[in-house]
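One-letter residues, chain by chain:
Protein chains: 2
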Amino acid sequence: MDIESYMQQVGTQARAASRAMARADTHAKNQALLAIAEVLDTERKPLAGANAKDLAQARNNDLEPALLDRLELSPATIDGMIEGLTQVAALPDPIGEISDMNFRPSGIQVGRMRVPLGVVGIIYESRPNVTVEAASLCLKSGNATILRGGSEAIHSNQAIAACIERGLQQADLPSTAVQVIETTDRAAVGKLVTMAEFVDVIVPRGGKGLIERISSEARVPVIKHLHGVCHVYIDVEADPEKAHNIALNAKTHRYGVCNAMETLLVAEAVADKILPGLAGAYTQAGVVMNACERGQDIISQAGFSCEAATEADWYEEYLAPVLAIRVVANIDAAMDHINTYGSQHTESIVTENYSIGRRFINEVDSSSVMINASTRFADGFEYGLGAEIGISTDKIHARGPVGLEGLTSQKYIVLGDGHIRQ
Amino acid sequence: MDIESYMQQVGTQARAASRAMARADTHAKNQALLAIAEVLDTERKPLAGANAKDLAQARNNDLEPALLDRLELSPATIDGMIEGLTQVAALPDPIGEISDMNFRPSGIQVGRMRVPLGVVGIIYESRPNVTVEAASLCLKSGNATILRGGSEAIHSNQAIAACIERGLQQADLPSTAVQVIETTDRAAVGKLVTMAEFVDVIVPRGGKGLIERISSEARVPVIKHLHGVCHVYIDVEADPEKAHNIALNAKTHRYGVCNAMETLLVAEAVADKILPGLAGAYTQAGVVMNACERGQDIISQAGFSCEAATEADWYEEYLAPVLAIRVVANIDAAMDHINTYGSQHTESIVTENYSIGRRFINEVDSSSVMINASTRFADGFEYGLGAEIGISTDKIHARGPVGLEGLTSQKYIVLGDGHIRQ
Chain A
0 MDIESYMQQV GTQARAASRA MARADTHAKN QALLAIAEVL DTERKPLAGA NAKDLAQARN
60 NDLEPALLDR LELSPATIDG MIEGLTQVAA LPDPIGEISD MNFRPSGIQV GRMRVPLGVV
120 GIIYESRPNV TVEAASLCLK SGNATILRGG SEAIHSNQAI AACIERGLQQ ADLPSTAVQV
180 IETTDRAAVG KLVTMAEFVD VIVPRGGKGL IERISSEARV PVIKHLHGVC HVYIDVEADP
240 EKAHNIALNA KTHRYGVCNA METLLVAEAV ADKILPGLAG AYTQAGVVMN ACERGQDIIS
300 QAGFSCEAAT EADWYEEYLA PVLAIRVVAN IDAAMDHINT YGSQHTESIV TENYSIGRRF
360 INEVDSSSVM INASTRFADG FEYGLGAEIG ISTDKIHARG PVGLEGLTSQ KYIVLGDGHI
420 RQ
Chain B
0 MDIESYMQQV GTQARAASRA MARADTHAKN QALLAIAEVL DTERKPLAGA NAKDLAQARN
60 NDLEPALLDR LELSPATIDG MIEGLTQVAA LPDPIGEISD MNFRPSGIQV GRMRVPLGVV
120 GIIYESRPNV TVEAASLCLK SGNATILRGG SEAIHSNQAI AACIERGLQQ ADLPSTAVQV
180 IETTDRAAVG KLVTMAEFVD VIVPRGGKGL IERISSEARV PVIKHLHGVC HVYIDVEADP
240 EKAHNIALNA KTHRYGVCNA METLLVAEAV ADKILPGLAG AYTQAGVVMN ACERGQDIIS
300 QAGFSCEAAT EADWYEEYLA PVLAIRVVAN IDAAMDHINT YGSQHTESIV TENYSIGRRF
360 INEVDSSSVM INASTRFADG FEYGLGAEIG ISTDKIHARG PVGLEGLTSQ KYIVLGDGHI
420 RQ
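Which chain is which? The protein sequence lines are A and B, in order.
Each residue of the first sequence is one higher than the one before, counting from 0 in numbering that gives the first Met the number 0.
Each residue of the second sequence is one higher than the one before, counting from 0 in numbering that gives the first Met the number 0.
Hints are supplied without guarantee of correctness; some may be wrong.
Which copy is meant is left open, so a pair is good if it fits within one copy or across any two.
[Said to hold, decoys possible] Keeping only pairs whose Cα atoms sit at most 30 Å apart, straight-line, the calculated DSBU-like set for lysine-lysine is:
| # | residue 1 | residue 2 |
| --- | --- | --- |
| 1 | Lys272 | Lys241 |
| 2 | Lys207 | Lys190 |
| 3 | Lys223 | Lys207 |
| 4 | Lys223 | Lys190 |
| 5 | Lys190 | Lys52 |
| 6 | Lys207 | Lys52 |
| 7 | Lys190 | Lys241 |
| 8 | Lys44 | Lys272 |
| 9 | Lys44 | Lys190 |
| 10 | Lys207 | Lys272 |
| 11 | Lys223 | Lys44 |
Just so you know, these hints were derived from the structure itself, not from any lab.
Isolated chain A (complex conformation) (with noise of 0.2 Å):
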């Protein structure tokens, strides 16, 4: 295969649809939506069969089996496309969504209108269900779609795309609304990222490492999601029981997510009061705590084990049963260590000080600052989003959770009665 020149045709296709996307109206985008869902769950039979395809060859390949277990498609997988299909034909089409519309001096009036990007290129890793995922959302947005999923999905998304295609023409819109990459050849990636005529914005959905290849390499704008470093920061004036809660639902909730907390920032005041009990239901719950010397001294002396922290402890994202902890001696001291060691992706603050409180809402400069909260919220569903293609730890254009409106821009709208400028 030519990949250079099969991209470009992938790329024209995705432009000329992408004009008859933005134009469709809400009722055949969710006609679509619904019809894909339909199809998914007729086809089920040679889904199964394209996804065995798939599994016997990562079996062959030795893959692990939490890579194998993201492969599956399972009955509960594709129940899951399809619940995710309805969920977001229902989500509000955010589409031509007028604002702000005000007269000005000169007599004209003004105001902003919501629009599509354009053409999203995906790029992710084994689940195949992002696939349906990410198209859903960038259909219901008005866009095109250009989808790359990982080579050892290759027959399962194949499939999906298949299923999508007749939905979309049974809803009258260009089957070239979404396309999947037929090839597994590295070089069509290189292409996708390049291709800034055809080709609006990337959102990568994977591992820190395909995110840094991917905007190391790309010429077209991306939505990073790079690493979560969370932190909770218990101040002097935490109400215990929160603080207790909090730190350990942000904990131990779910380990393997880029919201769970990795660091807990403990105010020395309170530090003995609180760390022993934490420790305590950290200790049950199998996680091991990584402390500065305060923390280790105290946690010890409370009976639980406890490993000395190093300074590369304070950057890591563990995403694993393990926790770094340090005593800091108040609000700028914890302030100071989210600055050095954080990623900007979500810190919470618990406290009933209403000053020290305002001052961290006002000073973090993450993309969700909590307080008296979870870190565990920072999340589209909970955000009230309805759906969430990622989440942004960049400053422009889109940061935190990314829904529908993420994947849309504004352009004016002017309207006069034959007005001139003066």
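Dock chain B against the given chain A, drawing on the hints supplied.
Just chain B now, kept in the frame of chain A:
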């Protein structure tokens, strides 16, 4: 000078200053803006002296008169800079604005808070007043700025930088919040647009060549303003008087600006009625017309001179008293033309027909889309943004005229009362 380590230092200082600027309250920022205005007023003599050096050197280098003109810091230019600072001080502070604060079913309260981007890099050509304009907008929006002006304005820019530094100090803000690069070495630009650890966004201000060069080198997001091939389409149901006035104003109000009309599209059914009068007015204004065959026929028969347009004319941003004219069948042909040859900057339709107007607004994918108004209104001041750092032809982050809001981002804030994720 070791450019690498010099830029490293500039970047480190900017990042540190950006933290202080993000915390700076509205009063301190306004105080700094007004103090800078005052210093500029008292330092008129040294400013004129520095500018005289640049002007002398430019004359030695046989710079074009238009460039000399832009380089000059006349008393009126300085008045304009002072006036601009006063206006920016009077604008509402965008930082800290909290919006969309809502309770979620989980009990947490979620909203968004407007925050600065961090460090903004501005790269611009000869006009030294851009130094003050850009710095004032970045300052008001709580950002630190690194400015790199044209090498021909180096003395003027350094003198202005000294005034800005004194103003910042008077308001107790870090004097490194605005830094003007002290070297004319091109390598400094290369470093500026690639040091993503210190710079959050680059705003180039200048010709298409400058912007394309910077975009191709940059590893930091760029707010691009490429070019404006703006259209006016006179529809079958246009009011003839409005059509005449708008088409004349959009072309002749100013020539060298990006929101001037470059191509006039006229519906075939009204071309006979509209074009002769317009051709007379253009001829009187000294505008050279390049028209399609049909247009040329009508204009010549009316007794005015008109060249034959070539394919290249449809792509042209003349920035001069030259206009391309094309007779088209209807709104679909007009939108096809705009899609094919336009630059997605600004397009206007003249029509009294509700449905045609609505289609144009909904379907034309440009940063500004207008009905019955001159394209010359596409401007930050006219839109009520108060001031403008540039006009973006990108879709990501900011589109159209970019004011203070374009220099900000939004973070999520979450208020709880001990809430944990279930």
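Numbered hints the structure breaks, given as an ascending list: 7, 8, 9, 10, 11
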